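6 protein chains.
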Amino acid sequence: MIYLTRRERFSAAHRLYNPALSDEENFELYGPCSNPNWHGHNYVLWVTIKGKVNPGTGYVVDLKKLSRLIREEVIDKIDHKNLNVEVDFLKEKYISTENLAMGIWEQLDPHVKALGVELHSVRIQETENNFAEYFGK
Amino acid sequence: MIYLTRRERFSAAHRLYNPALSDEENFELYGPCSNPNWHGHNYVLWVTIKGKVNPGTGYVVDLKKLSRLIREEVIDKIDHKNLNVEVDFLKEKYISTENLAMGIWEQLDPHVKALGVELHSVRIQETENNFAEYFGK
Amino acid sequence: MIYLTRRERFSAAHRLYNPALSDEENFELYGPCSNPNWHGHNYVLWVTIKGKVNPGTGYVVDLKKLSRLIREEVIDKIDHKNLNVEVDFLKEKYISTENLAMGIWEQLDPHVKALGVELHSVRIQETENNFAEYFGK
Amino acid sequence: MIYLTRRERFSAAHRLYNPALSDEENFELYGPCSNPNWHGHNYVLWVTIKGKVNPGTGYVVDLKKLSRLIREEVIDKIDHKNLNVEVDFLKEKYISTENLAMGIWEQLDPHVKALGVELHSVRIQETENNFAEYFGK
Amino acid sequence: MIYLTRRERFSAAHRLYNPALSDEENFELYGPCSNPNWHGHNYVLWVTIKGKVNPGTGYVVDLKKLSRLIREEVIDKIDHKNLNVEVDFLKEKYISTENLAMGIWEQLDPHVKALGVELHSVRIQETENNFAEYFGK
Amino acid sequence: MIYLTRRERFSAAHRLYNPALSDEENFELYGPCSNPNWHGHNYVLWVTIKGKVNPGTGYVVDLKKLSRLIREEVIDKIDHKNLNVEVDFLKEKYISTENLAMGIWEQLDPHVKALGVELHSVRIQETENNFAEYFGK
Numbered sequence: 035m036i037y038l039t040r041r042e043r044f045s046a047a048h049r050l051y052n053p054a055l056s057d058e059e060n061f062e063l064y065g066p067c068s069n070p071n072w073h074g075h076n077y078v079l080w081v082t083i084k085g086k087v088n089p090g091t092g093y094v095v096d097l098k099k100l101s102r103l104i105r106e107e108v109i110d111k112i113d114h115k116n117l118n119v120e121v122d123f124l125k126e127k128y129i130s131t132e133n134l135a136m137g138i139w140e141q142l143d144p145h146v147k148a149l150g151v152e153l154h155s156v157r158i159q160e161t162e163n164n165f166a167e168y169f170g171k
Numbered sequence: 035m036i037y038l039t040r041r042e043r044f045s046a047a048h049r050l051y052n053p054a055l056s057d058e059e060n061f062e063l064y065g066p067c068s069n070p071n072w073h074g075h076n077y078v079l080w081v082t083i084k085g086k087v088n089p090g091t092g093y094v095v096d097l098k099k100l101s102r103l104i105r106e107e108v109i110d111k112i113d114h115k116n117l118n119v120e121v122d123f124l125k126e127k128y129i130s131t132e133n134l135a136m137g138i139w140e141q142l143d144p145h146v147k148a149l150g151v152e153l154h155s156v157r158i159q160e161t162e163n164n165f166a167e168y169f170g171k
Numbered sequence: 035m036i037y038l039t040r041r042e043r044f045s046a047a048h049r050l051y052n053p054a055l056s057d058e059e060n061f062e063l064y065g066p067c068s069n070p071n072w073h074g075h076n077y078v079l080w081v082t083i084k085g086k087v088n089p090g091t092g093y094v095v096d097l098k099k100l101s102r103l104i105r106e107e108v109i110d111k112i113d114h115k116n117l118n119v120e121v122d123f124l125k126e127k128y129i130s131t132e133n134l135a136m137g138i139w140e141q142l143d144p145h146v147k148a149l150g151v152e153l154h155s156v157r158i159q160e161t162e163n164n165f166a167e168y169f170g171k
Numbered sequence: 035m036i037y038l039t040r041r042e043r044f045s046a047a048h049r050l051y052n053p054a055l056s057d058e059e060n061f062e063l064y065g066p067c068s069n070p071n072w073h074g075h076n077y078v079l080w081v082t083i084k085g086k087v088n089p090g091t092g093y094v095v096d097l098k099k100l101s102r103l104i105r106e107e108v109i110d111k112i113d114h115k116n117l118n119v120e121v122d123f124l125k126e127k128y129i130s131t132e133n134l135a136m137g138i139w140e141q142l143d144p145h146v147k148a149l150g151v152e153l154h155s156v157r158i159q160e161t162e163n164n165f166a167e168y169f170g171k
Numbered sequence: 035m036i037y038l039t040r041r042e043r044f045s046a047a048h049r050l051y052n053p054a055l056s057d058e059e060n061f062e063l064y065g066p067c068s069n070p071n072w073h074g075h076n077y078v079l080w081v082t083i084k085g086k087v088n089p090g091t092g093y094v095v096d097l098k099k100l101s102r103l104i105r106e107e108v109i110d111k112i113d114h115k116n117l118n119v120e121v122d123f124l125k126e127k128y129i130s131t132e133n134l135a136m137g138i139w140e141q142l143d144p145h146v147k148a149l150g151v152e153l154h155s156v157r158i159q160e161t162e163n164n165f166a167e168y169f170g171k
Numbered sequence: 035m036i037y038l039t040r041r042e043r044f045s046a047a048h049r050l051y052n053p054a055l056s057d058e059e060n061f062e063l064y065g066p067c068s069n070p071n072w073h074g075h076n077y078v079l080w081v082t083i084k085g086k087v088n089p090g091t092g093y094v095v096d097l098k099k100l101s102r103l104i105r106e107e108v109i110d111k112i113d114h115k116n117l118n119v120e121v122d123f124l125k126e127k128y129i130s131t132e133n134l135a136m137g138i139w140e141q142l143d144p145h146v147k148a149l150g151v152e153l154h155s156v157r158i159q160e161t162e163n164n165f166a167e168y169f170g171k
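So the protein sequences, as listed, match chains D, Z, H, Y, R and L.
Note that the first sequence ends on residue 171 in our numbering; no numbers are left out.
Note that the second sequence ends on residue 171 in our numbering; no numbers are left out.
Note that the third sequence ends on residue 171 in our numbering; no numbers are left out.
Note that the fourth sequence ends on residue 171 in our numbering; no numbers are left out.
Note that the fifth sequence ends on residue 171 in our numbering; no numbers are left out.
Note that the sixth sequence ends on residue 171 in our numbering; no numbers are left out.
Next up, chain D with everything else stripped away, as it sits in the complex (with noise of 0.2 angstroms):
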């Protein structure tokens, strides 16, 4: 069995708040990532996939398809986006780094599938210091 990562990047705004509190208590609870006019963020998403090597290729899987998948099923529907309002697999959820790895765990786990691999985790990075990882469960 081999771990194979992809690192993708994107660039999007965000905002932490719950549209049952005010400004003010969302303030209390999220600091200046509640900030009603947004704010954002160079997110970089590492993805791992498992699998065996195929002793045709060498390859478990061509990561250039994987990266293709990434990009069509993730990227381009986040990249330059406000996460809060345009991004239909993140409606209705708090965009904190958690529910985004959670998302996009849902969005890539049937593709991935298809290509004949598991997908083993999400990883995204935030800011330079903040990271969160999700392994499906």
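These aren't lab readings, by the way, just hints derived from the structure by calculation.
Wrong hints could be hidden among the right ones.
To be verified - A few chain Z residues facing chain L, derived, Cβ under 10 angstroms:
id : residue
1  : Leu38
2  : Glu42
3  : Arg43
4  : Gly65
5  : Gly90
6  : Thr91
7  : Val94
8  : Lys98
9  : Val121
Stated by the list, open to error - With a cut-off of at most 20 angstroms between alpha-carbon atoms, the simulated EDC-like pairs for lysine to aspartate or glutamate come out as follows:
id : chain 1 : residue 1 : chain 2 : residue 2
10 : D       : Lys147    : D       : Asp96
11 : H       : Lys98     : Z       : Asp113
12 : H       : Lys86     : D       : Asp96
All of these numbers come straight from a predicted model, not from anything done at the bench.
Positions of the beta carbon are idealized from the N, C-alpha and C atoms, including for glycine.
Since the structure of chain D is provided, determine the placement of chains Z, H, Y, R and L on it from the hints.
Showing chains Z, H, Y, R and L alone in chain D's frame:
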């Protein structure tokens, strides 16, 4: 003459657009950077000052003072903000990396002079592939 | 279950040596790391916790709280310190990266539990080529 | 149990191709990675071992010994080499990052055991976006 | 005057050798870099241009256009190539980092001028420890 | 004219203090950097030389020779050392990053000249946020 550089970081939302143009025209000009719903970045800022070493301290300038200055005059005003709508010193400007570097220079220059040293350059990284640097002229 | 990681940094002096041995014997065992006049590093620390996402906030834990905890219980006690002579929780220990990771784990574990989540790992980078990681057992 | 990681680097040429196929067929399968005139990379290698801390030294293993081992058994054989034609332990293999990680594992495993510790993983970065990791099974 | 920098990457094989010398003499001169079977690198390229900010766009130049230019005139010709045998603009040259920087400058300069700005520098990283930079004279 | 840069690293202990002042006064002036028990850093050093490309080799200077020179004249004297008490060329100096850059310049300059090229700059990173650079005047 010694050159000292302090790195600081901020995360912000922005949009590139010309208010005289329609969203379609702005998209033609700026691409996804013109998204009316905003996007954002983790910006990295390097401020370089130059001066002579003070023989009584070994310092050109105390980097903690320089850091505090950059935080008070720049970071506190732009971190977790929307650069187009919430930042006085960027008002009426296109929020390109170029203008951001020039705007930050103008913010810092008089305060750096007040420390007894000279501002040499303001450099900004918008993504890991894009940088702008301004030397004051 | 989501894994969240917070990165913090500290700069400290240390020395590797066995007090029962002479300086020559320590040099044989530890090389220049045993320099009796000390040397030092910019250490990088990654603390990973795991837990379930709170549906009311989108957070496993507020990373600002985790960061404050790491600063109060660890960083403030070791940053700009001599790890051999000034740090209570490292007393009587060889100051290897291994023991540093285990010592920091013991410092953090009860406090992380008090946040309602679980400490997963403590990882330390001593130089860009050397790392130690501890998972609590 | 502590996990120790040593990072090493090497620069090498390689080509992905199936000798039973024509250059055109290889290009279809592997793209520009199949260039018959070769291309190359700065590979980064992380070797992770695990073991208990020796109470007499504070070390799981002396990282300088681990580094020397990796240099002698791996780096000296592949650095500034053509991985397809000059490396005994990669002969008859497709030079994918996957096979490189597995080949390096096999080179290191008996020697790491001889140090009294266990090899945990071999991780290779081929470009800043592509990684393979092998855990020995 | 603002300085804008675009980073691009390419992976290539090369060899340092003087065709008038034997392999042994080349090894004496260039060490393992002269390996007749080639080796390779992940090169990083920073292209810096300078110009005035266009008040109608906020841009000195559209970095997407600069990136496309670098890709068409440079990256497409050298990425996943053998720099000694497949690159017209490096023919008859020793493939040192120095000559690579100068060759890329000559490729880019007329096209950058055609964008209405000035090429300021071409900087290449061959390994994380080695860099060459050329300013056109 | 080509500019070549070699990166080297060293780890050392130091302390900022004025011997004419008490520990309390030094703390007021330098903060925790004045800790009488020392602290330390992983310093990164970039040495940039400039010269013309030798048409017979493609090199301005052999970077392996430059690296050896930096190791012999600088790194071997400061790596794993206490910069305040063990380094001849820093004796009687405040061990600020500024003075370190200037001291290293003086160490290297005559030897770089002897290689037939010119020393352009010495740049030191003390932490990921702090840098000093010296150009010889």
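Q) So which of the earlier hints does this model not fit? A) 4, 9 and 12
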